[in-house]
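Top to bottom, those sequences are chains Z and V.
Everything in the first sequence is counted per the numbering used here, starting at 1 for the first residue and increasing by one.
Everything in the second sequence is counted per the numbering used here, starting at 1 for the first residue and increasing by one.
Calculated directly from the structure, the hints in this document are not laboratory data.
For clarity, every value in this text was computed on a predicted model and none was experimentally measured.
Every residue gets a Cβ at the ideal spot worked out from N, C-alpha and C, and that includes glycine.
Keep in mind that a hint or two might mislead.
Claimed, not checked - Okay, the calculated bits of chain V under chain Z, using three or more residues with CB under 8 angstroms as the criterion:
no.: 1; segment: 178-190
no.: 2; segment: 210-221
Claimed, not checked - Chain Z stretches covered by chain V per the calculated footprint, using a threshold of three residues with CB under 8 angstroms from any CB of chain V:
no.: 3; segment: 78-90
no.: 4; segment: 116-123
Here is how the chains run, residue by residue.
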Amino acid sequence: MTTPMIHRPDMRRFGPLLLLFLALAVAVAPSTRGATDRSSLRSLTGTLKSVDVKGRTVVVLTGVGHSIRAIRLRVSPGCRVEVSHRPASLTQLAPGQVARVGYEPAPRAAAGEAVGAAMAIEVSTPRGGVR
Amino acid sequence: MRRPAVVSLVATVALLGCARASKLGDPVPGLTPAEREQFEQGRVEFERVFTPETGLGPAFNASACAECHDSPIPGGPGEEAERHVSAFRASDLFCDPLAEEGGPVIQAQVTPALQAALGVDSEPVPGEATAVAQRTTPGLFGFGLLDAVPDSEILALADPDDRNGDGVSGRPNRFLDGRIGRFGRKAFVPTLKEFNEGALVIEMGVTGPSQPTEETLGGRPLPEGTDPTPDPEVEQAAVDRLDAFVRLLAPPPRQPLSRAGKRGREVFFTSDCNKCHVPLLRTGDSPVRAIRYRPVAAYTDLLLHDMGQDMADICLGEATPSEFRTEPLMGLGLSEHLKEGEPRFLHDGRAKSIEEAIRMHGGEAARSRDRFLGLSEADHMAMLAFLRSL
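Required output: the full structure, derived from the provided sequences and hints.
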């Protein structure tokens with residue numbers, strides 16, 4: 001009931017992000033005793049609906065056709081944020097931007113709760129939404 | 001300068017036959033036996049009536065695709081209309097489809113179990129909505145060909161800043177992940193497959209593998225026991241059959257042009273209708289040979305145009321409230337003879353005749369509309385004869 005829509009990553013577009021995930025996975029694997037293995041990392045691409053810098057959460061809109069879902073994610077402490085391929089901070093993210101998010105899914109999330117912890121957020125266009 | 005191009009274009013359309021059906025509701029000609037079989041089985045899925053036991057609801061608009069898309073046969077336009085909502089935030093120009101509040105599609109019905117649990121018989125319109133849009137049911141004949149038109153073809157027609165100064169400035173919409181959209185009146189949805197998969201959930205409350213979560217009622221979690229069927233409620237193979245039916249439906253057969261119709265075709269071009277209702281698009285590569293590299297005489301550019309404030313309703317994706325996709329004109333005449341209800345045109349059915357629909361064009365289409373209004377009575381009739389032949 002609460003699984004978000006998962007996109008199978010397209011290797012060409014997601015190559016750099018995947019490498020980043022792999023690096024992260026390798027880096028954190030020993031400390032979490034294998035809990036963060038490669039296969040558990042997911043990614044989604046959607047439009048940022050809101051960014052709560054203080055509360056460290058983002059809400060991303062994804063969907064299938066006109067069936068749209070708001071996916072809530074915690075932003076993990078080590079989360080890497082990039083805007084236009086440059087390191088950035090959460091404050092540079094804004095509603096309307098298209099973001100690729102790599103995240104570690106939460107084991108169980110009830111409706112309205114964060115479905116996972118974002119490890120990487122990549123925005124390729126600084127602007128977004130309606131002109 | 002434009003005329004020779006126009007004449008050769010029309011000749012091409014006539015010569016190539018545009019993969020049209022010989023009979024309304026037929027599949028595109030030239031399918032393999034396996035594709036034909038998939039199409040026939042897909043029709044069964046399109047007509048399949050869901051019940052709460054087989055996955056209907058808890059919130060839904062109808063119990064079958066063919067309950068709405070029914071005139072004169074499954075896949076056609078229909079009399080049913082539904083409501084869409086969104087919130088257009090002027091502060092940062094963000095279009096919120098109100099997904100957390102139950103949008104953008106509002107479900108008009110609920111199952112008895114949900115009715116008993118919540119005491120409501122439809123989804124409420126969220127208070128946050130800045131607009132509520134009425135959406136009539138369009139016909140789907142030939143939409144598989146529109147799906148196969150490459151993005152590059154659509155982008156080549158775009159002129160967002162009106163560089164050529166003709167007052168017409170089409171631009172593509174984009175989906176949530178940045179891909180170019182083309183389906184739905186706001187051209188929000190990039191592919192036919194996603195539209196069909198999404199329709200199962202928003203229209204019938206039937207979850208599938210690609211969208212395994214139910215629509216909520218106003219964003220509230222569904223009460224325990226109101227959604228007894230385990231998700232996904234249909235298997236991918238059934239979704240694929242459904243998709244094949246819609247995808248392989250041929251464009252409606254074109255009516256032979258009377259003498260008036262031929263004159264109408266001329267005034268269609270001289271009135272600049274073709275600037276948005278582009279007569280011919282070409283498909284690109286496709287796994288289905290019968291729709292690969294074909295012309296499709298859909299009379300659309302699949303782009304958004306500002307139609308003026310009188311037309312405005314919701315925003316969706318990058319589409320502002322007054323922007324709409326150029327409605328394909330193939331099969332236009334079908335909406336004059338719905339199984340039930342009066343003829344109706346435009347996104348919300350506000351126009352009761354084809355002529356009224358043209359009169360209501362505003363914004364970027366105002367100049368072209370005025371040309372139409374300036375025509376003689378005979379040329380008006382000629383234009384209508386042409387449009388009905390599509």
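Structure-based check of all given hints:
Only residues whose beta carbon comes within less than 8 angstroms of a beta carbon in chain Z count, and the segment 178-190 of chain V has 5; three or more means the coverage holds. Given a C-beta distance limit of less than 8 angstroms, the hint that chain Z covers the segment 210-221 of chain V holds, as 8 residues qualify and 3 suffice. Three residues within the 8 angstroms Cβ limit are the bar, and the segment 78-90 of chain Z against chain V gives 0, so the coverage statement is violated. Here the segment 116-123 of chain Z counts 0 residues with a CB under 8 angstroms from a CB of chain V, which misses the bar of 3, and the coverage is violated.
Hint compliance for this structure: hints 3, 4 are broken, all remaining hints hold.
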